[in-house]
Each structure stands twice: as structure tokens, then as C-alpha cells.
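Those sequence lines, one after another, are chains U and B. Going by the working numbering, the first sequence opens with residue 1, and the numbers climb by one from there. Going by the working numbering, the second sequence opens with residue 1001, and the numbers climb by one from there.
Some clues are possibly wrong.
Said to hold, decoys possible - Here's a subset of chain B near chain U, in silico, CB distances under 8 Å, partners left out:
hint: 1; residue: His1025
hint: 2; residue: Thr1065
hint: 3; residue: Thr1066
hint: 4; residue: Leu1068
hint: 5; residue: Met1077
hint: 6; residue: Tyr1084
hint: 7; residue: Leu1086
hint: 8; residue: Ala1088
hint: 9; residue: Ala1091
hint: 10; residue: Phe1093
hint: 11; residue: Arg1103
hint: 12; residue: Ile1107
hint: 13; residue: Ser1112
hint: 14; residue: Val1117
No lab work stands behind these hints: they were computed from the structure. Virtual Cβ for every residue (Gly too), placed ideally from N, Cα, C.
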Amino acid sequence: MRTLYTWSAILVIVFASVVGDVLLSHAMKQVGDVGELRRRAGLLHVIVRTLSNPNFFFAVASMAAAFFSLLFALSWGDVSLVAPAAASLTFIANAVAAKIFLHEKVDRRRWIAASLVAAGVALLAG
Amino acid sequence: MNFRKYLVLAGVTVFAVAGDSMLSHGMKQVGTISIHHLQSVFPAVTNPWVALGILFLLGFFATYTTALSWADLTYVMPATALGYVLLALVARFVLHEQISLLRWLGIVLITSGVGFVAGGPALTEHNALPEADTGEGHVIAAAKSPLLAKDARNGAPQVGVTGKI
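Kindly generate the complete structure, drawing on both the sequences and the hints.
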């Protein structure tokens, strides 16, 4: 039962972080190149423009949800399972989500990279 | 990609590692927080390491957000993974911890993964700002001609700025 709880919490973490990352990436593409924007309109404009983007807020909320579900997962399961499992699954799920929702060109180079990184994180944190 | 952008990506890695390490160090000084007294986490902020850690994690969020404004999510992600490698190297050479063979293998895998992504383009060629484009026909034409696509990419953020205000 505990294992089931732990894995459900891991899936919730992965889901929340992927939603957060995808929304944040989408929000920042809407905002535009921050460096260029700062040079043209000033830092204050960049901050106001970013904070007034609704996707940015949903992204931060999702990341907060991911953080709190991590806390719950850690109270049920071992840190040596939860942290690497959540991190490496997030890498793979992010690549899939970026392709579907952000229409990023995830070519073979990036698939290999995401898999290598996910495997590496699992080994390193495990 | 210019030098300044690589600097931002390096900032993502360094801020994440430094912030996490300081936070972890500070929380060990603060002690265990009971699941039944979660509100006791707030006084922990007064610990200087925790406060500094939070400051660095804010720096991480700022650089991460900046990087996502000009690079694909699948491009920035591996850069954050490089933090795990940095953390392991700090553990080995600063804290003199033992690193097992499996962990070294993990370091090699992550590093080669990052190398794979870094060799490719940072941003997907098609325009990432569809709502900033003025005409549908323009987008299709841009997608077909690499010359026009480059043009549209340079012009689109400006259209986006003036269009939004």
C-alpha cells in the first residue's frame, strides 16, 4: 500500500512539474527574448510583462504543487527512490510534452539526450 | 547563441546547485520538522544558510525563466541536469566523499546527454510566437523559405511587444 502511495505521489510530482515547465516555457515565449526586451524597454517593463502573463502564474502554481507533492512523497517513501524517479521521469515526460504542446522539434538528438540524462540522473541520485 | 546566453545557462546550473546545497545545509542545522507541525518551517527562514539558499534559488528561477524566453524547453532541461554532475563533483573534491562506479557512470551519461543537445539548435525553427504573427499567409511562407523564416523570427518579438500593449 505504501508503495502504491509513493508511486502515485511520484506520478503527481511528475505531472505537476511537467505542466509547470511547459506553461513557463510557453509564457516566456509569449513574453519574448528577455535580454532584448530589457535593452529596449528596461528591466521594469520585463518584470511587469512577465508577471502579468497568466500562464506564468499557472506555471508557478503548478511548480508549487509539485514541490508540496514532493514533500508528501518524501514522507511516504525513501528519498533515494522518490528524488531520482521523479527527476528522471520528468525529463522524459517533458520531452514528450514539449513535442506535443509546445511543438518543439524534438529530433533524435534531443530524444537521445533526454534518455541519457534521465538514465544518468537515476544512477547519480539512486 | 552568444556568450551571454551560455552564461545564463551556466547560471541556471550554478544557482540551482548552490541554492540546494545551502538550503540542505541550513535545514540540517535547523533540525527535523514534524509532519504534524508544518508551520514550524517558517522560523527556519531566519537561519542564514536557509535565507541565502532561498536567495540563490530565486536567482535560479530568474535565470531559468530568462533561458526559456529564447530557448526550447528540451534545450534548457539538460542544462539543469548538469547541476547533478556539479553536485557530485563538489561532493568528491570539496567534501571528499566517495563516489561509486555507478555514480561516475551517471555523470558520464548526463554529460554526454548535455553534449548531444548543446550541439544542436537552441530554438525550434518554426516560430514560437504564433499569436504574435500578423498574417497566416506570412507564417506559411516563412515556414517554407529558410530565408523568410529567419526574417520572421527576428521580426516576431517586436510585433509581439507592440501588439500586446
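We went through each hint and held it up to the structure:
no.	hint	in the structure
1	His1025	violated, 16 Å
2	Thr1065	holds, 6 Å
3	Thr1066	holds, 5 Å
4	Leu1068	holds, 4 Å
5	Met1077	holds, 6 Å
6	Tyr1084	holds, 5 Å
7	Leu1086	violated, 11 Å
8	Ala1088	holds, 6 Å
9	Ala1091	violated, 10 Å
10	Phe1093	violated, 16 Å
11	Arg1103	holds, 5 Å
12	Ile1107	holds, 6 Å
13	Ser1112	holds, 6 Å
14	Val1117	holds, 4 Å
The earlier numbered hints that this structure contradicts are 1, 7, 9, 10.
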